[in-house]
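**Student:** In case you want the letters, here they are:
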Amino acid sequence: MNDLTLLRDAGPEAPTLSPAARSAARAALLAEMSGPVHRPARRPSRRIAVRIGVAAATVAAAWTGAVLVAAPDGPGTPAGSVTLVDFAVPTFPLSLDPAPAGMTPAFSGDADSAGFAEYESADSDDRFTVGVDDEEPEELDEAYEHVDVTERAEVDVDGADGRLVRGVRDVYCEDGLTVCERQRFAELAWERGDDEWVTMSGEGRYSRTAELVAVAESLVDRPQPATLRMGLAPAGWSVQFFKMGRVLTLVNDAYEQQTLTVHVPLPEDVVPLEQLPAGIEAPAGPVVPVTVHGLPARLVPTDHGAGMAGWYLQAQFADGTTFTVQAPDAFTREQVVALAEQVTHNR
Amino acid sequence: MRALPDSVPSDAELIARSLDDPQAFAPLFDRHATAVHRYLGRRVGELADDLLSETFLIAFRRRAAYRVDHVEVRPWLFGIATNLVHGHVRTEQRRYRALARAAARPEGHTAGPDDATDRLDAEALRGPIAAALAGLKAHDRDALLLLAWGQLGYEEIAAVLDVPVGTVRSRLHRARRQTRAALGAVSPFHPTSEEEDR
Chain Z
2 MNDLTLLRDA GPEAPTLSPA ARSAARAALL AEMSGPVHRP ARRPSRRIAV
52 RIGVAAATVA AAWTGAVLVA APDGPGTPAG SVTLVDFAVP TFPLSLDPAP
102 AGMTPAFSGD ADSAGFAEYE SADSDDRFTV GVDDEEPEEL DEAYEHVDVT
152 ERAEVDVDGA DGRLVRGVRD VYCEDGLTVC ERQRFAELAW ERGDDEWVTM
202 SGEGRYSRTA ELVAVAESLV DRPQPATLRM GLAPAGWSVQ FFKMGRVLTL
252 VNDAYEQQTL TVHVPLPEDV VPLEQLPAGI EAPAGPVVPV TVHGLPARLV
302 PTDHGAGMAG WYLQAQFADG TTFTVQAPDA FTREQVVALA EQVTHNR
Chain S
171 MRALPDSVPS DAELIARSLD DPQAFAPLFD RHATAVHRYL GRRVGELADD
221 LLSETFLIAF RRRAAYRVDH VEVRPWLFGI ATNLVHGHVR TEQRRYRALA
271 RAAARPEGHT AGPDDATDRL DAEALRGPIA AALAGLKAHD RDALLLLAWG
321 QLGYEEIAAV LDVPVGTVRS RLHRARRQTR AALGAVSPFH PTSEEEDR
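Residue numbers (this note's numbering), protein chains in the order written: chain Z, 2 to 348; chain S, 171 to 368.
Hints listed in this document are in silico derivations from the structure and should not be mistaken for laboratory results. Just so it is clear, the structure is predicted and the values come from calculations on it, not from any experiment. Take these hints with a grain of salt, some might be off.
[Said to hold, decoys possible] Covered by chain Z, per the in silico footprint, the following chain S stretches (three or more residues, Cβ under 8 Å): (1) 226 to 234; (2) 324 to 335; (3) 339 to 353.
[Said to hold, decoys possible] Among the chain S residues that face chain Z by a calculated CB cut under 7 Å, a handful are: (4) Asp190; (5) Pro192; (6) Gln193; (7) Ala205; (8) His207; (9) Arg212; (10) Asp219; (11) Leu222; (12) Leu269; (13) Leu295.
[To be verified] Distance windows between CB atoms, simulated: (14) Z:Glu342 x S:Glu325: 38 to 46 Å; (15) Z:Thr333 x S:Lys307: 29 to 37 Å; (16) Z:Val289 x S:Thr204: 42 to 50 Å; (17) Z:Thr105 x S:Thr204: 34 to 42 Å; (18) Z:Val86 x S:Val335: 37 to 45 Å; (19) Z:Glu197 x S:Val238: 18 to 26 Å; (20) Z:Glu342 x S:Val335: 31 to 39 Å.
Just so it is clear, CB atoms sit at the ideal spot from N, CA and C, and this is done for glycine as well.
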């Protein structure tokens with residue numbers, strides 16, 4: 002056995018490509034292929050910007066795990082016998098007081114590392130993220146390999162020593178490769194309490210030290226509910242990840258190939274109800290008209306092959322915002338609708 | 171690689187057709203999404219879902235610049251995916267370190283007579299390998315993982331990273347030397363010529 006064989010056989014394994022993720026990626030590609038789509042104010046570099054520095058993906062234990070309010074009925078949920086129980090999506094432990102005007106938070110996280118809150122202005126480039134961890138975040142030189150660091154300093158945050166890094170980084174165009182502009186940023190990390198480390202990253206006006214520290218000092222211990230929530234979930238399932246208040250995926254703890262995804266697509270990505278099932282991947286049966294939240298919705302059986310049959314439900318919240326639920330065929334039609342009835346979105 | 175029947179268009183033919191008929195690009199996703207996701211997933215975990223989508227969007231937008239004489243389509247996709255991973259160096263580093271920590275935790279099992287042998291199997295090396303990957307420079311790691319996980323040749327790696335093949339050779343030499351050094355105390359591997367692995 003040589004080192005390459007070892008890397009292949011004993012290197013980190015990849016998570017399974019779920020039908021939902023595959024479907025979402027394929028749908029995005031098909032949408033791109035169907036012609037030019039106007040995508041106002043969409044910034045594909047956001048994820049890169051969020052994760053490049055100190056504030057990226059650093060939060061862990063401050064988030065509680067998903068809470069099953071009713072007891073699950075066994076170690077696993079065999080296909081075909083799903084039991085729905087009350088469910089609560091994790092809350093973010095901190096709030097801002099006063100709340101920043103015109104900025105609403107969206108939350109991201111996963112089962113292991115929890116996540117962060119992102120505050121973004123609707124009408125400017127002002128933006129910051131907040132993450133909480135029970136371990137001191139590492140400062141990796143490689144995180145700054147592709148940016149110009151202009152300042153490193155110790156700053157006072159409510160009497161605690163904060164570590165500040167400021168600089169300028171590239172912002173990429175739609176193609177993900179061409180640099181469109183240069184963006185100033187600031188990142189701040191400090192121990193807010195015993196075993197409570199907070200990391201922040203700011204852009205726009207929050208790339209300035211005074212503004213970012215002012216936000217840091219306005220943090221209070223008040224949990225905030227997740228943006229996208231489910232009031233019901235299958236017994237024995239838990240949160241796999243949630244992203245930017247638009248995606249929430251649960252996984253069957255006893256059978257990780259089974260996932261359930263709720264998605265709030267961007268308005269320009271919504272497939273009109275009357276175009277179903279043509280606008281989705283792998284429809285496998287007729288469209289079934291149903292009602293969710295008192296509004297017309299559509300349920301479509303799907304089949305991605307290799308035992309990956311399931312359901313695609315497209316519905317609306319009371320305010321007209323479209324959401325979808327993708328579930329495996331272990332769920333009955335009625336259960337998919339019941340799950341959708343308990344999905345709420347507060348953004 | 172399995173040969174395609176004559177009636178099935180090759181990857182390069184699909185890209186050429188897609189210049190006039192964009193829909194012709196779709197089968198490339200069906201052919202390569204799983205492999206690209208697996209490569210990305212081994213590097214960045216769950217973030218692979220996002221990067222898979224971005225990889226194919228970028229490939230579609232840049233298809234006019236694809237040169238069949240330069241590199242085949244799958245390595246080209248791995249190259250795009252690798253460039254996207256650059257924006258997530260911290261995520262990748264943290265993943266390797268977390269895996270190394272997790273693998274180092276005692277399982278609570280009792281050592282048996284075969285335990286010494288078992289500890290030399292691949293399972294026992296997961297932690298040290300993850301730790302070794304975390305210690306590599308990003309560009310060296312790119313070259314090593316394109317070779318090991320992407321199964322690209324030296325020339326293909328040079329093409330997709332847009333560096334001379336000599337640079338690839340030196341990056342691989344450095345990465346493999348460091349990896350072997352990191353695993354030296356625990357690994358059962360037998361030294362081979364690096365050129366044999368091309």
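**Student:** So is the stretch 339 to 353 of chain S in contact with chain Z by the C-beta rule, three or more residues under 8 Å, or is the coverage claim wrong?
**Tutor:** Since three or more residues must qualify, the claim that chain Z covers the stretch 339 to 353 of chain S holds, with 4 doing so at under 8 Å.
**Student:** Go through the hint on S:Asp190 and say holds or violated, using the shortest Cβ distance to chain Z against 7 Å.
**Tutor:** Hint violated; S:Asp190 Cβ to chain Z Cβ min 12 Å, cut 7 Å.
**Student:** Under 7 Å is the threshold here; is the Cβ of S:His207 close enough to any Cβ of chain Z for the hint to stand?
**Tutor:** With a minimum Cβ separation of about 4 Å from chain Z (threshold 7 Å), the hint on S:His207 holds.
**Student:** Could you check the hint for me, namely that Z:Val289 and S:Thr204 are 42 to 50 Å apart, CB to CB?
**Tutor:** Check failed, 30 Å falls outside 42 to 50 Å.
**Student:** Using C-beta distances, would you say chain Z covers the stretch 226 to 234 of chain S, given that this needs three or more residues below 8 Å?
**Tutor:** holds (count 6)
**Student:** How about S:Leu295: closest beta carbon in chain Z under 7 Å, or not?
**Tutor:** holds (4 Å)
**Student:** Is the interface hint satisfied for S:Leu222? The criterion is a beta-carbon contact with chain Z at less than 7 Å.
**Tutor:** holds (5 Å)
**Student:** Hint says 18 to 26 Å; check whether the CB-CB distance for Z:Glu197 and S:Val238 agrees.
**Tutor:** Taking Cβ atoms as reference, Z:Glu197 and S:Val238 lie about 55 Å apart, which means the hint is violated.
**Student:** Does the closest beta carbon of chain Z sit nearer than 7 Å to the beta carbon of S:Asp219?
**Tutor:** Given a least distance of 4 Å, the restraint on S:Asp219 holds.
**Student:** So does Z:Thr333 sit 29 to 37 Å from S:Lys307, Cβ to Cβ?
**Tutor:** violated (53 Å)
**Student:** Counting residues of the stretch 324 to 335 of chain S whose CB is closer than 8 Å to a CB in chain Z, do you get three or more?
**Tutor:** violated (count 0)
**Student:** Under the criterion of a CB-CB separation shorter than 7 Å, is S:Pro192 in contact with chain Z as hinted?
**Tutor:** Check passed: Cβ of S:Pro192 comes within 4 Å of chain Z, closer than 7 Å.
Going through the hint list in order, the structure does not satisfy hints 2, 4, 7, 14, 15, 16, 18, 19 and 20.
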